[in-house]
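Student: Protein sequence lines, in the order shown, are assigned to chains A and B.
No gaps in the numbering here: position 93 of the first sequence is 93 in this note's numbering, and each next residue is one more.
No gaps in the numbering here: position 66 of the second sequence is 66 in this note's numbering, and each next residue is one more.
Treat the hints with caution; some may be incorrect.
Said to hold, decoys possible - Here are the computed distance ranges between Cβ atoms for each label pair:
hint : chain 1 : residue 1 : chain 2 : residue 2 : range
1    : A       : Ala-136   : B       : Tyr-192   : 21 to 27 Å
2    : A       : His-2     : B       : Gly-49    : 19 to 25 Å
3    : A       : Pro-85    : B       : Val-21    : 52 to 58 Å
4    : B       : Glu-199   : A       : Ala-171   : 49 to 55 Å
5    : A       : Leu-162   : B       : Arg-201   : 38 to 44 Å
6    : A       : Leu-113   : B       : Thr-28    : 52 to 58 Å
7    : B       : Val-21    : A       : Lys-199   : 33 to 39 Å
8    : A       : Val-96    : B       : Arg-100   : 46 to 52 Å
9    : B       : Asp-85    : A       : Gly-235   : 45 to 51 Å
10   : B       : Pro-52    : A       : Val-258   : 48 to 54 Å
11   : B       : Gly-49    : A       : Leu-239   : 55 to 61 Å
12   : B       : Asp-149   : A       : Thr-216   : 28 to 34 Å
13   : B       : Tyr-148   : A       : Phe-56    : 56 to 62 Å
14   : B       : Glu-102   : A       : Phe-30    : 55 to 61 Å
As the list claims (entries may be wrong) - Only part of the chain B face toward chain A is listed, based on derived beta-carbon distances under 7 Å:
hint : residue
15   : Asp-44
16   : Pro-47
17   : Tyr-48
18   : Pro-52
19   : Thr-53
20   : Gln-61
21   : Pro-69
22   : Asp-70
23   : Ile-74
24   : Cys-116
25   : Leu-130
26   : Gln-135
27   : Gln-158
28   : Val-162
29   : Glu-181
30   : Glu-197
As the list claims (entries may be wrong) - Covered by chain B, per the in silico footprint, the following chain A stretches (three or more residues, Cβ under 8 Å):
hint : stretch
31   : 29-39
32   : 174-180
33   : 294-301
I should point out that these hints are in silico values taken from the structure, not numbers from a laboratory.
Virtual Cβ for every residue (Gly too), placed ideally from N, Cα, C.
In case you want the letters, here they are:
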Amino acid sequence: MHPAFSVISFTTLLGAAQGLLVSLAALQLFGISIPALPILLGIGTALLIVSLGASFLHLGHPERAWRAAAMWRTSWLSREVIVLPVFISLASAWTVLESTGQETRWILMPLVLVSLVLWLCTAMIYACLRFIQEWAHPFTLINYLALGVASGLVLLISLLALIANDSPLTAQLHPWAIGATLIALIFRHMSSVRNRNIKPKSSLQTATGIRQPQLTQRSMGMSAGAFNTREFFHGKTALFLRYVKSIMWGLCFAMPLVLLLLSFATNNSIFSVLAFPIQYIGLLAERWLFFAQARHPQNLYYQTVS
Amino acid sequence: MNQHSESRKQLALVIDLNVCVGCHACVTSCKQWNTSGAAGPLSDQNPYGADPTGTFFNRVQTYEAGAFPDTQTIHFPKSCLHCEDPPCVPVCPTGASYKREEDGIVLVDYDKCIGCKYCAWACPYGARELDESRQVMTKCTLCVDRLYDQSLPEKDRQPACVMACPTQARIFGDIHDSHSEASKAIRERGGYALMPEHETRPANHYLPRQVTPPRYNAGQED
C-alpha cells in the first residue's frame, strides 16, 4: 500500500495522545497525584484535535466528513468517526473540570473505556480487510494498543521532565514506560516475523483464472500510471525500506529504551525530554512500514507496463 | 440473506477469453460513454503530456501462458465484478457505496462519497479508481444509465462495452435467470469467477481459453 502521510500522522498522534490520557486517568484512579495535570491534559487534548485535523487531510471531500458517521452498523471507519469525537469530548471535559478544580473522578473510567474502544476501531479498520493478510491478524490490534500505550507513557515522561522535573512521579514512571516499550517491541517483532513468512492466498493464476503454472503479464493495459499503480504500491526501493526499518527499530524502540535507562540511572532530565521526540520519528517509520509492507492482491494485476 | 438475494436479478458480464482479441474497443467505448453522462466526467490529468493518467472503468490486460514455443497470448478485460458479497460496500462509512437490490449492480453515490479510498482498499480486484479531479471514488456502473433508458432503442439498452466488442466477447445478462444467455454460457462453457479464495462471489464470470489445435488446409477439406 502507498503510505499516506495524513493517515500516518493521524494514527501515531492519536495513539500517543490516547496513551498519555489513559496513563493520566490510570494514575488518578490509583490515587496518585500528578503535577501540572491541567497542562498535561491540555496537551493531550490538543494532540487529539491535531490528529483529527490530520485525518481530514486524507479525504477527497473533507466538507462531507459528517456523512461518515452513517454506516456504523457495518463500517469500522464509521465507528471510529463516532468514537473519536466522544473521546475528544471526554478529554476536553476532563481538562476543563480539572482546570476549574471540580470533581473529575467520574470521568476517568469512561475515558479509559472509550479509549479502548477507539483503539479497537482504529485497528479494526485495517484488521477487518481479510485479504490484506499482513493486516488481518490480532497483531494489528495489539500493535496499535501497545504502541499507543508505550508512546503515551514516554510522552508523559518527556512532558513531566520538561515542566515538573523535580516530581518523584517522573522517576516512578520510568519502569512502566520501559516495560510498555519492551512489550510493544516484542509484539512488533512478532508481527514482522509473521509478515515475512506470509504465504499469499492469491496468485496470478487465481487472479486471472488461467491455470497454467507458467503465466506472466505482458501488459497491464495502459502505458502510464493510474490510481491502481499509485495507491497500492509504496514505490520505494528495497534499500529505502531497509533504512526505514532501521529507523523503526532504532528510534521507536532502542533509543528511547537507552534514553529512559540513562535518565533513570543519571537522573538527568535531558534524556527524558529527548525520549519522546525520538520515539515519535521511529513511530512514523513504524506506521510507514505498516502500510508499505501490506501487499494488496490487486497488485497482481499491475506488474508489467508492456 | 444470500438465499433471498439469489432469487433477485443479478446483472453481470460474462467475458469470453476465447474470443477477446485485445482491441481495447470496450475500454474506449466505456470511457466515451461514462465521461459524457450526467454523472460527471472521468477526468484525465496531463493527457497530452509525457506522463498522462486518467480514470477508466475498464482495462484490457494481456497475459502470456505456457513456455515458448507452446505459449498462448490471453487478452483479459478487467472491470468491476459486481460481487454478490461485495467487500467494498460494508466498509464505506457514508453509505455512498451500495449494491442495488433490484439488479445487483454495485454503485457509488458521488454526492455522498467523501473520497476516503477505504472501499478501494477493501476491493481485492482493484476495480475502483479515485477520480483525481472530482476526488470521489468511481467504478464500472454496468452502464446503468443505458439499461433502463426508455429513449434508447431496446437493442441499445446494454453496457457500452458490450455494444462495442467486435468479437462478442462480452455477454451481458442476468446470471440468476438460468435461461439467460449469460447463465447458459457460464454453465456450458466452464465460466469461472476471479479470486474465489476471497469469497466475494463475483457476478462477472470469465469463459476460459480453449486451445484449438491448428488444422492446416482446413478450408480445402470442407
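Student: Each hint needs a verdict: does it hold in this structure or not?
Tutor: Hint check:
1. A/Ala-136 with B/Tyr-192: 21 to 27 Å: Given a distance of about 25 Å, which is inside 21 to 27 Å, the answer is holds.
2. A/His-2 with B/Gly-49: 19 to 25 Å: holds, 22 Å
3. A/Pro-85 with B/Val-21: 52 to 58 Å: holds, 55 Å
4. B/Glu-199 with A/Ala-171: 49 to 55 Å: Holds, since B/Glu-199 and A/Ala-171 (Cβ atoms, about 54 Å apart) stay within the stated range.
5. A/Leu-162 with B/Arg-201: 38 to 44 Å: violated, 57 Å
6. A/Leu-113 with B/Thr-28: 52 to 58 Å: The hint (52 to 58 Å, Cβ to Cβ) holds, given that A/Leu-113 and B/Thr-28 are roughly 56 Å apart.
7. B/Val-21 with A/Lys-199: 33 to 39 Å: holds, 36 Å
8. A/Val-96 with B/Arg-100: 46 to 52 Å: holds, 48 Å
9. B/Asp-85 with A/Gly-235: 45 to 51 Å: Cβ of B/Asp-85 to Cβ of A/Gly-235: about 31 Å, so the range 45 to 51 Å is violated.
10. B/Pro-52 with A/Val-258: 48 to 54 Å: Between B/Pro-52 and A/Val-258, where Cβ atoms are some 50 Å apart, the hint holds.
11. B/Gly-49 with A/Leu-239: 55 to 61 Å: violated, 30 Å
12. B/Asp-149 with A/Thr-216: 28 to 34 Å: Violated: the Cβ-Cβ distance is about 41 Å, outside 28 to 34 Å.
13. B/Tyr-148 with A/Phe-56: 56 to 62 Å: Cβ of B/Tyr-148 to Cβ of A/Phe-56: about 37 Å, so the range 56 to 62 Å is violated.
14. B/Glu-102 with A/Phe-30: 55 to 61 Å: With a Cβ separation near 59 Å, B/Glu-102 and A/Phe-30 satisfy 55 to 61 Å, so the hint holds.
15. Asp-44: violated, 10 Å
16. Pro-47: This hint is violated: B/Pro-47 lies away from chain A, its Cβ roughly 10 Å from the closest one there, beyond 7 Å.
17. Tyr-48: Since chain A brings no Cβ nearer than about 12 Å to B/Tyr-48, farther than 7 Å, the hint is violated.
18. Pro-52: holds, 5 Å
19. Thr-53: holds, 5 Å
20. Gln-61: holds, 4 Å
21. Pro-69: violated, 13 Å
22. Asp-70: Result: violated, 10 Å to nearest chain A Cβ.
23. Ile-74: holds, 6 Å
24. Cys-116: holds, 6 Å
25. Leu-130: holds, 5 Å
26. Gln-135: holds, 3 Å
27. Gln-158: violated, 22 Å
28. Val-162: Violated. Min distance 18 Å.
29. Glu-181: violated, 20 Å
30. Glu-197: holds, 5 Å
31. 29-39: violated (count 0)
32. 174-180: violated (count 0)
33. 294-301: This one holds; 5 residues, not fewer than the three required, reach chain B with a Cβ under 8 Å.
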